[in-house]
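Asker: Line by line, the protein sequences are chains A and B. For the first sequence, the numbering used here assigns the number 235 to the initial residue and increments by one for each residue that follows. For the second sequence, the numbering used here assigns the number 361 to the initial residue and increments by one for each residue that follows.
Incorrect hints may have been included.
[To be verified] Restraint ranges, calculated between C-beta atoms of paired labels, are given here:
no.: 1; chain 1: A; residue 1: THR552; chain 2: B; residue 2: GLY708; range: 55 to 65 Å
no.: 2; chain 1: B; residue 1: GLN657; chain 2: A; residue 2: ILE268; range: 45 to 55 Å
no.: 3; chain 1: A; residue 1: TRP282; chain 2: B; residue 2: SER517; range: 29 to 39 Å
no.: 4; chain 1: B; residue 1: LYS577; chain 2: A; residue 2: GLY350; range: 51 to 61 Å
no.: 5; chain 1: B; residue 1: LYS418; chain 2: A; residue 2: GLY533; range: 50 to 60 Å
no.: 6; chain 1: A; residue 1: GLY533; chain 2: B; residue 2: GLY658; range: 23 to 33 Å
no.: 7; chain 1: A; residue 1: PHE407; chain 2: B; residue 2: GLU612; range: 20 to 30 Å
no.: 8; chain 1: A; residue 1: ILE343; chain 2: B; residue 2: ALA504; range: 46 to 56 Å
no.: 9; chain 1: A; residue 1: VAL538; chain 2: B; residue 2: GLU612; range: 22 to 32 Å
no.: 10; chain 1: A; residue 1: ILE268; chain 2: B; residue 2: PRO611; range: 27 to 37 Å
no.: 11; chain 1: B; residue 1: GLU612; chain 2: A; residue 2: ILE268; range: 18 to 28 Å
[What the hints assert, rightly or not] A few chain B residues that don't get close to chain A, going by computed Cβ distances all over 12 Å:
no.: 12; residue: ALA400
no.: 13; residue: PRO406
no.: 14; residue: ALA410
no.: 15; residue: THR476
no.: 16; residue: GLY492
no.: 17; residue: LYS502
no.: 18; residue: LYS507
no.: 19; residue: GLN520
no.: 20; residue: ASN521
no.: 21; residue: ALA569
no.: 22; residue: GLY718
no.: 23; residue: GLU732
Note that these hints are calculated values from the structure, not bench results. Beta carbons: idealized from backbone N, C-alpha and C, even for Gly.
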Amino acid sequence: MTDTVKSTSPTKPSVNYARQFERVALLLVWALTIVLFSFLIPNNFLNWGNFSIMFASYAPAALLALAIIIPLTAGDYDLSVGATLTLSASTIGVLNVWQQMPIGWVLVIVLLMGLGVGLFHSLFIIYFRVPSLVVTLGSTSLMSGIVQWITNSSTIGGIDNSLIMAAVGYRLFGIPYAFYYALGAALIMWYIFDFMPLGRRLLFVGRGREVARLNGISVNKVRVGALCMSAVLASAAGILYAGVLGSADPYSGLNYLLPAFAAAFLGATTIQPGRFNPWGTIVAVYFLATGITGLSMLGIPLWVTNVFNGGALILAVTISQITRGREASDIG
Amino acid sequence: MTKRVLIASLTAIAATMCMTGSSFADAASEGLARATENIAKYKAKPEFVAPGDPFDAKACAAGKKMLSIPNSSGNPFLKGIIDRMKVAGAEVGLEVREWENQGQPSQWVQGVELATREKYDIIDLISGIDPGTIEPQLKAAKEAGVKVMTSHFYDPSFEQNPVVSSSLTIGFGEVGTILADWAAVATDGKANIALIVSNEVPPTIPLVANFKEQLAKNCPDCTITQEINVGVTEWGTKIQTAVQSAVQANPEINVVIPIYDSMSQFVIPALRLTGKTGEIKVGTFNGTPFVLDYIAQGLADMNIGESLDWIAYATVDGHLRDACGLESPTALNVPFYIFDKDNIAEAGTPAQFDTGYGDAYKSGFRKLWGIE
Chain A
235 MTDTVKSTSP TKPSVNYARQ FERVALLLVW ALTIVLFSFL IPNNFLNWGN
285 FSIMFASYAP AALLALAIII PLTAGDYDLS VGATLTLSAS TIGVLNVWQQ
335 MPIGWVLVIV LLMGLGVGLF HSLFIIYFRV PSLVVTLGST SLMSGIVQWI
385 TNSSTIGGID NSLIMAAVGY RLFGIPYAFY YALGAALIMW YIFDFMPLGR
435 RLLFVGRGRE VARLNGISVN KVRVGALCMS AVLASAAGIL YAGVLGSADP
485 YSGLNYLLPA FAAAFLGATT IQPGRFNPWG TIVAVYFLAT GITGLSMLGI
535 PLWVTNVFNG GALILAVTIS QITRGREASD IG
Chain B
361 MTKRVLIASL TAIAATMCMT GSSFADAASE GLARATENIA KYKAKPEFVA
411 PGDPFDAKAC AAGKKMLSIP NSSGNPFLKG IIDRMKVAGA EVGLEVREWE
461 NQGQPSQWVQ GVELATREKY DIIDLISGID PGTIEPQLKA AKEAGVKVMT
511 SHFYDPSFEQ NPVVSSSLTI GFGEVGTILA DWAAVATDGK ANIALIVSNE
561 VPPTIPLVAN FKEQLAKNCP DCTITQEINV GVTEWGTKIQ TAVQSAVQAN
611 PEINVVIPIY DSMSQFVIPA LRLTGKTGEI KVGTFNGTPF VLDYIAQGLA
661 DMNIGESLDW IAYATVDGHL RDACGLESPT ALNVPFYIFD KDNIAEAGTP
711 AQFDTGYGDA YKSGFRKLWG IE
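Bound conformation, chain B alone (with noise of 0.2 Å):
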């Protein structure tokens, strides 16, 4: 009797064991699946969806004028996007002028008291500028007539300054779960990451929290086996013997995520050191041309990108929109892209911040602004 209760026991046991294994192999697949899903939504050309109704845009800008103030003119990825912005107004007779600066508080404070004294209508703040640090200055713009507007800087989850009329907000949470998804789906669900992240960088707290999120959700037995916090301004002394020390001390470690692709210049010669380069894969986010050439090159393999110009006409479209009193777009809507080693070709060679994405968005754009 005891031992056929014994027996019936360990099967019972046996059995539920079985059972919570191919439950638990069940979700890591059904995971796994929605992780490729997911990837697989990213890596499509990008299409142009409308951000709201067609509006006579020349209209709108006729005599209107912009100042664009960016988090520093040092920054080619800013300076890029209001080249761009400069072409796109001069479509339809927006002026935009840059505030040129090195990323010095004191300096956007100058460019927001010369748009009160010369009468602008738009102050755009690009991607870094927190208005909060500039409040007061920003809050006599608006006492004066001009608009204060950001774009590029605030995730969705973000709490708008109250001195904002509208921000053009850019899904920082979304690149997160794109960088968790490839991970996942890189390493066949069996990822054992080194994080590297700048946490004084405002976007890294929602692309962290749904990087970590989108983990959990698709990837049960992914680990972030190191997460390595280092400031912007010692990327260049740091990250490399970081990663160095990290994949050295934990050899399980199969991805590395920096998430701003520019730490990557430290994260390659790290692995190239450790004798890691092809073995450890390196997916990241931005779209810097020099970051996809490492891709070309078989350094790294994976980089989120988005247009530069498309930005811009996303932004021109947004603050016109504003400006005139119509409905505001809440996002850019500036679709993001994943660049891999199957069309890292189209970024060009060398590769450019604008090639790859395709141009649907220009004429997309200029029929909703009555101008094709």
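Next up, chain A with everything else stripped away, as it sits in the complex (with noise of 0.2 Å):
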């Protein structure tokens, strides 16, 4: 009797450390740099200027970056971010700077193309059914040649100043617009991600869509929705890009698309290990950006940025996966 009455008492779930350890660690990581970085530049470095600027310059990035988890969490892939993102900025050039179309309304249009560039992706990959990894490729060429060819593969200076106030020129404690604009869509983002249904839904899919589909949810518009998201957002990277730069060139837009893909797979390691996350997603972002912007002050060869970012990338993904007893994840 006793033994049964044993068996049967509600247990009190063990915690596991590791696992709460974990998701602070990135976040724990990146204080130790930047106190290791206070101490090798104690003048320079640790001062609301040098951060400011830092949390402005990467806000393109960051953005970037909370573009791709949407579709990575219901299981596609984009990787024609960093040419939507360039084609939105050099839209912005031509119309706004050659064409002399009002500022305001060039962001319309560019955040609409972005939608269509959304639903070019979907037709393929819903109703195609072209792998995702496919269609954004090929898409990513063709926008590259777009870009070329409307631009006449020039960089486009001159964006108007509205802009370029509106991305660095206005400030908040010190730190320009650019930052809060990232800061706000992972607000959004993680709201959805953790309060609506619909993230719930978007984390079903990309767990398993079959799964899915027999739990009622509607497995092609969620990815429609992911898709066309992941869109609008580059696009927006893309008016931030135009903004930080006040100018428009056809081609640096695309090497974002691998540090924008690093950040999404570390921010993956913390705040929520094993999902993707917007806030772990920021938190990758900024703690990229901090030993970058540290070893650049060193005044160390800027090859050792490259070596730092595969190092951290590569590290923190693997001790998570041993941290969770290399269990499935939405990583790889």
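With the hints as a guide, dock the two chains, each given alone in a separate frame, to form the complex.
Answerer: In structure tokens form, the structure reads like this:
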């Protein structure tokens, strides 16, 4: 009898301290990195001006990394975000500078264009069932060609000053607005991912499409929505990029793709380990940015920053997998 | 006695220090004077200097054709040169065709093979294609009777690949000296420089070497505070943050020199974000229109430009001379011209590739060719 009582009484779930630690591990490493560089560069690293500049200049990269994690959560890859960013920034240059169109209208057109890119991807990925990797790889090349055509392969300077002011001119607590746009996007995404049924559906679709479908989730609609939101956010990142630079060039945005993916995967090792999550992504972007800024301030050759980025990513994801007993996750 | 010796010694030391100090000051002011003089040379309107004797260009060009292969057709600077070469060539009857490519060596190989197959007279490798990259194909072309020439690629200090018949060099080293002298003059001999380079691009080597040499010669108080090497493909992701970090870590930096002006689009936002616009001077090289516009907007200070049209005429002239067995010039001889706030209006609004350099060269070449 006693044995029976013992076996049916509610047992308190054991606390997995390793997992709890994993949630904040990257934050701690970030803090340690800041402390380390503060000692190495005593006068200039740990000051608000330095951090406010870093927060603003990495805002487009942060927005792009946030764009990537939406389709990744739903189980699709969007390799075209860099090209969408470039197309968006270049279109701003062409319409605003060359065609003299008011900047407000240009921004509306650019965001709608992002929606168009998302629908284009959806047509091939959902309707024709072409793998997302293939479609977005193809559209990257397609958009790159279009960008070179519309810009005549030239950089376009002289973008409307109001966009520059809205990105890096106006400041709150010393930090240019660009950072708050990325922060706002993360906040909205966090609410949707964690507190709305849509976020749960997105996760279920990513974890198992067939199971999600059998549970009454409209898998295709969720995937279309994720692809469209990713493209619209990438367009918004292009707007921010044009605002931060004050110009639009037809090539450089493409190079943001790999760092954005690195941040997305690194972000999935923190806050909510094993899951792509917006706050983790923001932490990852600025952790990497802190490393790059510190190394640059020390005057270390820039190839070291590539080693730092790659090393940090592989190490963090591996440690995360070991901590969770190598179980399956969103990552990969 | 001891006291007297001590006083005498101290006086001697003080006198020596004063002399050393004054000779150092003299060296600095002399260097600055030389730098100012050198800069004035490049601020004067470029003059045409004949690259050789007059010749009958129409007779020389009759029936001849040239295939121009740019490093990449996506580069508006190179495309602009070839478009103008077509026009200049047409004046004397030389057929100029562009081999459109996207910067891939396999595409350059196709162009060389086409020129060999279709019996072109000249293959012109423009700005950036190292003949060594596609040497077997160029050898085959040479054996088939096609003359391989380069333009706007080699610095005079470089050794020309044996497969090349003649090269119209450009003085990247000379650009380095102009940039160094400008930095000295712009800061009154007290430049603390952030130098942004791309070491994988061959012209960077003579440019930076001459920059350092000239700086040491004409500006003893100038220093390169930080040299930032960024690969071309990473300009967009690294220059801005590297410049931000450099000026934050080294507040004494008062000049930024991105050696190629397309780097400036990432330098300008870095200075804007750090609140250093106008405070830190920016000098660069290439004369790309949107960077010239930065000078008009007060965001940059100096750009060394070259006229694309002038380059086109000089290339047609030099290559025709070689094709017809005449002595070919060893350099493009296209003068560098400094744009700054004093003359930036001459570049046009918005700035153009060919505006502001004058057009003395056109009639100069036409007279040499016997068509004017």
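Asker: Look at each hint and say if it fits the structure.
Answerer: Going down the list of hints, with the structure as the test:
For THR552 of chain A and GLY708 of chain B, the hinted distance range of 55 to 65 Å is satisfied, since their beta carbons lie about 56 Å from each other. For GLN657 of chain B paired with ILE268 of chain A, a C-beta distance near 36 Å fails the hint of 45 to 55 Å. Distance hint check for TRP282 of chain A and SER517 of chain B: the Cβ-Cβ separation is about 48 Å, which falls outside the suggested range of 29 to 39 Å. For LYS577 of chain B and GLY350 of chain A, the Cβ-Cβ distance of about 58 Å falls inside the hinted range of 51 to 61 Å, so the restraint holds.
At roughly 58 Å, the beta carbons of LYS418 of chain B and GLY533 of chain A sit within the given window of 50 to 60 Å. For the pair GLY533 of chain A and GLY658 of chain B, the beta carbons lie near 29 Å from each other, so the given range of 23 to 33 Å is met. Range check, PHE407 of chain A to GLU612 of chain B: Cβ separation about 28 Å, and the 20 to 30 Å hint holds. Evaluation of the 46 to 56 Å hint for ILE343 of chain A and ALA504 of chain B yields a pass: the beta carbon distance comes to about 53 Å.
Hint check: VAL538 of chain A to GLU612 of chain B, Cβ distance near 24 Å, so the stated range 22 to 32 Å holds. Against the hinted window of 27 to 37 Å, the Cβ-Cβ separation of ILE268 of chain A and PRO611 of chain B comes to about 21 Å, which falls outside the hint. Separation of GLU612 of chain B from ILE268 of chain A is about 25 Å and conforms to the stated range, judged on CB atoms against 18 to 28 Å. Non-interface status of ALA400 of chain B relative to chain A is upheld: no Cβ of that chain comes within 12 Å, the nearest being about 29 Å off.
Even its closest Cβ contact with chain A, about 24 Å, leaves PRO406 of chain B beyond 12 Å, as expected for a residue assigned away from the interface. Its beta-carbon lying about 33 Å from the closest one in chain A, ALA410 of chain B satisfies the requirement of being farther than 12 Å from that chain. The beta carbon of THR476 of chain B is kept farther than 12 Å from every beta carbon of chain A, the shortest such distance being approximately 28 Å. Every C-beta of chain A lies more than 12 Å from that of GLY492 of chain B, the closest at about 24 Å, which supports listing it as non-interface.
Distance to chain A confirms LYS502 of chain B as a non-interface residue, since its nearest Cβ pair spans about 31 Å, more than 12 Å. Distance to chain A confirms LYS507 of chain B as a non-interface residue, since its nearest Cβ pair spans about 29 Å, more than 12 Å. Every CB of chain A lies more than 12 Å from the CB of GLN520 of chain B, the least distance being 29 Å, so the non-interface label holds. No beta-carbon of chain A comes within 12 Å of the beta-carbon of ASN521 of chain B; the shortest separation is about 28 Å.
The beta carbon of ALA569 of chain B sits about 19 Å from the closest Cβ of chain A, which is more than 12 Å, so the claim that it is off the interface holds. Separation of GLY718 of chain B from chain A is adequate, the least Cβ-Cβ distance of about 24 Å exceeding the 12 Å criterion. Even its closest Cβ contact with chain A, about 32 Å, leaves GLU732 of chain B beyond 12 Å, as expected for a residue assigned away from the interface.
The earlier numbered hints that this structure contradicts are 2, 3 and 10.
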